[in-house]
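J.: Construct the entire structure; sequences and hints are all you get.
Protein chains in written order, with numbering that gives the first Met the number 0: chain A, 0 to 159; chain B, 0 to 162; chain C, 0 to 350; chain D, 0 to 375.
The hints are simulated quantities; they were obtained by calculation from the structure and are not laboratory data. Since we're looking at a predicted model, the values are computed, not measured. Ideal placement from N, C-alpha and C gives every residue a C-beta, glycine not left out. Heads up, a few of these hints could be off.
If you want the ones that stay clear, here's a sample from chain C, every Cβ over 12 Å from chain D, calculated [claimed, not checked]:
(1) L10
(2) V84
(3) R203
Among chain D residues calculated to face chain C with C-beta under 7 Å, some are [what the hints assert, rightly or not]:
(4) N132
(5) A133
(6) M138
(7) G234
(8) E235
Residues per chain are reported as follows:
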Amino acid sequence: MFGIGLVQGLYTTAKRFFMKKVTQRYPEVLPDLAPRSKGSFAFDADACISCCLCSDACPNGVIKVDYSVGEDKRRRLELYRMNLGYCLFCGLCVEACPKSAIVFKTDFDLACFRKDDNLFAWKGPLPRPAAAVQAPAAADAEAVPVAPSGGSPTAAGGGS
Amino acid sequence: MRDAALIAEALGPELGGGVGLEADSSARELSVAGRDLATVLSGLKSLGGFVLLDIDAVDRPEGFDLSYRFLDRGGEGPVAVLTVKVRADRGRPLLPSVMHIWKSADVLEREVWDLMGVVFEGRTGLTRILCRDDFVGHPLRKDFALERPDRFPEAAESEGGRA
Amino acid sequence: MGTLNDLFLTLASAIRGLLALWGFPPLLAAAVVDIADFVLVAALVTVNIIVIVWLDRRVAAFFQERLGPNRVGPFGLLQSVNDAVKLLGKESIIPVAADRKLYKAAPLMIFTVTVLLYGFLPYGKGMAPVDPDLSLLFFIALSSMTTIAILMAGWGSNSKYSLLGGMRTVAQVISYEIPMAFSMLGVVMLSGSLNLGAITEAQRGVWYIFLQPLAFVIFLISSLAELARSPFDMTEAEQELVAGYHTEYTGMRFALFFMAEYGNLFGVAALGATLFLGGWQGPFLPGYVWFLGKSWLLVLVILWLRWTFPRARLDQMMKFNWKFLIPLSILNILLTGVGIKLYQYFTAVGR
Amino acid sequence: MSDSTTVEQEDALETQEYTLNLGPQHPSTHGVYRARLRLNGETIVSCESIIGYLHRGMEKLAESRTYAQFAPYTSRFDYLAGALNSWGYALAMEKLGGIEVPERAEYLRVIVGELQRIASHLVMVSSMVIDLNAVTAWMYAFTAREGILDLLEEVTGSRMNLNYIVAGGVTEDLPEGFTARAEKTLDELKSRLDDFDRLVSGNEIFLGRTRGIGVIGRDLALEYGMTGPNIRASGERLDLRKDAPYSVYPRFDFEVPLLSGGDSFDRYYIRLLEIHESVKLVRQALGAAPAGPVRAKVPRVWKPAPGEAYAQCESARGIQGYHLVSDGSVKPYRMHLCSPSFVNIGVLPVISPGLTIQDFVSTLASMDIVLGEIDR
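T.: Next up, the structure:
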């Protein structure tokens with residue numbers, strides 16, 4: 000009472016005035032994220048067996064898996080697309096994947112200018128070459144953000 | 000926590016005859032008929048130690064099952080939930096309001112009316128609470144049509160952009 | 000040091016001499032010097048506001064363990080310029096139901112008052128741009144004009160939040176003017192003058208903060224209320240009234256209110272420095288540097304208070320004023336009077 | 000002039016009541032709450048609370064998701080205490096399907112749940128003081144919360160909407176070296192909280208704004224079904240962690256703070272006290288957690304037997320209950336959430352007449368409502 004609380008408050012703020020600041024200077028100093036941070040997704044197309052468990056597990060219908068069935072009855076991945084604008088980052092797809100083809104990574108810069116840029120997509124080799132010729136794009140295991148028609152090249156999929 | 004059967008027994012003399020009151024001790028439930036609801040709930044009030052926390056309704060083919068959840072703080076042992084179950088008619092869902100007995104029933108009854116369309120008699124201000132005022136229908140009913148193009152015309156337009 | 004101290008005075012007399020040499024009539028020459036004064040004052044107002052807005056944000060950040068604006072310019076100094084330019088480019092919206100004349104006039108009026116306030120301050124020895132004998136009185140009278148401008152804004156916006164803010168201002172500022180003026184009376188009694196320059200001169204020996212500590216505290220508290228700064232910022236009370244009297248203002252009109260607020264902050268701090276901290280008096284450095292330094296120090300104190308305290312409640316604040324602050328300020332006058340008489344008696348006896 | 004004439008003159012002063020819509024877009028309605036106030040000057044004559052602006056139809060949504068798929072949504076109810084919401088849902092699922100939870104998972108639930116409670120209470124105290132314009136204190140509490148969120152991120156990968164507590168346990172075990180880092184963060188939290196306390200709790204202006212304002216008596220609170228810290232500030236010790244112990248809470252040594260004023264200050268202060276208790280709980284759980292699995296096996300396609308389950312837990316805002324009805328399919332037949340904020344807010348129109356706008360703001364802040372939970 001009688002202003003003691005006020006003086007205590009003034010003392011506290013004055014003390015904190017001279018203490019170390021907590022601000023991170025973001026673009027220069029990147030945050031030190033925990034390894035488990037659910038920043039965005041990494042997709043391993045080689046490991047994917049097109050089983051669609053992830054898209055079935057997803058609560059929001061974010062994931063779209065297109066595949067074709069070859070003569071050997073094996074599924075071939077054609078298109079793997081996640082509409083991250085609807086993603087809850089709940090991790091049910093990562094949990095569901097039997098081959099760990101889709102995992103979280105800590106790259107978090109998903110902000111983009113247009114709604115369409117929020118896609119995270121892996122596209123199979125198109126147009127389909129003859130079975131003997133392996134297209135080089137298929138070797139690219141890291142998912143690359145594929146911009147839809149006219150999308151910006153800095154689309155949000157990976158940490159490009 | 001008090002035994003549900005004992006509560007029903009304790010309520011018995013106060014309510015007089017003609018009250019349909021069934022007790023299920025293991026599930027801690029009392030089942031009453033709609034016409035006796037107010038009597039039973041005011042009986043609970045006079046027993047003391049109860050707090051009305053929640054009213055929720057389930058739409059079943061045979062009618063709307065309403066559960067009045069009370070926190071039972073009397074008796075020995077831990078606090079537990081006592082549920083009073085009552086069924087409202089599917090065609091003409093009408094129940095007595097208990098707002099004058101339990102003040103917290105005000106918002107809860109409004110919610111049930113808004114989402115489930117159960118009408119509570121004998122109270123004022125039974126208006127929409129979560130849905131907007133000009134909303135048509137009661138969304139938690141099973142026969143509520145989810146896909147109605149006229150409900151959200153703007154959403155239907157932008158649907159094309161969705162994956 | 001002498002030349003540096005009298006830099007502006009020398010300049011003024013040089014201009015006068017030059018104009019006289021060119022055959023200007025003295026009246027016209029005086030007018031030219033006045034215009035030069037005005038330009039300087041206006042520049043000071045603008046620069047000051049930019050610096051103080053920056054200081055406010057920066058100091059606030061430091062109290063809150065943040066860094067504050069640090070991107071635009073060195074140490075983020077140009078952040079306020081950036082913001083001002085941004086606000087200039089914003090759409091200026093006038094609500095349909097607003098009283099257009101009042102709505103448009105209010106920001107102009109409040110900013111004009113702010114600029115005028117700066118005209119009476121003694122920046123150095125003989126350096127008050129306008130120097131009437133009653134400059135303190137002028138200062139107080141002018142500063143209460145802001146109330147009218149705020150009420151105009153509150154009424155003219157035709158919004159309930161604005162109106163509430165405006166009404167709060169009237170109640171608050173008018174009440175707190177009394178202890179503020181009373182606290183100054185002690186100083187006036189000691190110095191025997193209502194002229195700000197003369198009051199500064201009178202503090203050659205000892206600053207009045209040491210003779211009038213009570214008056215200084217009262218002055219500080221009531222000036223916070225007068226400025227509608229936290230903890231007495233009921234007039235714009237973001238959490239209650241959205242933005243108070245300037246809720247409906249956008250773009251540059253809003254910026255004028257904003258700038259006037261910070262301009263007044265410096266104005267009142269400068270008044271406090273003049274009345275209690277010896278104004279431009281000080282060794283080694285030129286007078287105007289001392290003056291600005293002391294004023295900014297007071298600004299810092301006000302910011303410190305602002306970023307520490309929550310907002311008071313209107314009725315409690317009024318109660319505090321009428322039942323505590325005003326009696327205290329009257330007591331201070333009494334004590335000062337008794338003190339002066341005792342001093343006179345003892346010096347007479349000593350002689 | 001006699002006294003009676005003055006009174007007559009006051010009566011003759013004609014004032015006009017007017018309506019002020021406080022919200023849904025307003026800085027201090029904590030989201031999209033709207034209060035339609037009838038005011039006489041600045042004094043409230045009557046208040047009507049209008050909600051539903053954040054209604055997302057979650058209960059309907061649940062009927063078109065599988066049980067597991069709906070779990071991530073539960074943390075979006077009370078987005079400030081997401082883990083505690085998921086906990087309630089997990090309890091209901093476990094009750095419905097008779098799932099046993101491994102012991103270590105229970106400890107991890109307590110750790111994450113109490114960290115979440117700390118984070119939530121920190122938001123409450125800080126939003127309370129910022130509604131009273133103590134901006135610096137707000138920053139201190141939010142900086143402290145940042146440390147807690149970092150801990151949560153380390154465990155779960157997310158900061159707010161965790162989806163960590165799921166039916167059958169938790170999704171992941173604690174990372175390496177978590178205990179030491181948690182202890183360090185909790186020490187830092189204590190130093191920040193002490194500063195916060197010194198800055199705010201004794202401040203005369205703050206006391207003037209909150210002491211004796213918006214008093215909710217014990218009986219009124221019970222009548223309106225209030226739960227959580229709000230009712231504990233009104234002098235009623237009601238905390239499911241003690242009164243109907245679930246999980247491993249009985250094994251820990253902690254107090255349930257109790258204040259009896261029922262005013263805004265007590266509702267604020269009890270949160271500070273509870274933060275300290277939660278810190279104690281986290282430390283104990285970190286020390287006592289046994290080794291073992293963290294998640295029971297729940298089949299991928301989980302079809303509980305037809306029936307219903309009602310489970311309650313103590314969320315940061317009070318008692319929340321989840322009602323799950325199964326018809327034997329993979330999707331719930333009906334999901335209902337009894338949210339504490341929704342019930343707590345019901346008392347506001349009763350206590351607000353006579354308050355000023357300023358009091359109303361501090362009272363509303365002290366009720367600690369979360370619109371995500373009210374509107375669902």
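J.: Now, for every hint given, state plainly whether the structure supports it.
T.: Against the structure, the hints:
Chain D leaves C/L10 outside its interface by the beta-carbon criterion, the shortest separation being 43 Å against a cut-off of 12 Å. Remark: the non-interface label on C/V84 is consistent with the geometry, its nearest Cβ contact in chain D lying 26 Å away (cut-off 12 Å). C/R203, annotated as away from the interface, keeps every beta carbon of chain D farther than 12 Å; the closest lies near 38 Å. The interface hint given for D/N132 holds, since its Cβ lies 4 Å from the closest Cβ of chain C, which is under the 7 Å cut-off.
Hint status for D/A133 relative to chain C: holds, with the closest Cβ pair at about 4 Å, below 7 Å. Interface hint at D/M138: satisfied, since its Cβ lies 4 Å from the closest Cβ of chain C, which is below the 7 Å cut-off. With its C-beta approaching chain C no nearer than about 25 Å, D/G234 sits outside the 7 Å limit, and its interface hint is violated. Of the supplied interface hints, the one on D/E235 is violated, with its beta-carbon coming no nearer than about 28 Å to a beta-carbon of chain C, more than 7 Å.
In this structure, the hints that do not hold are numbers 7, 8, in rising order.
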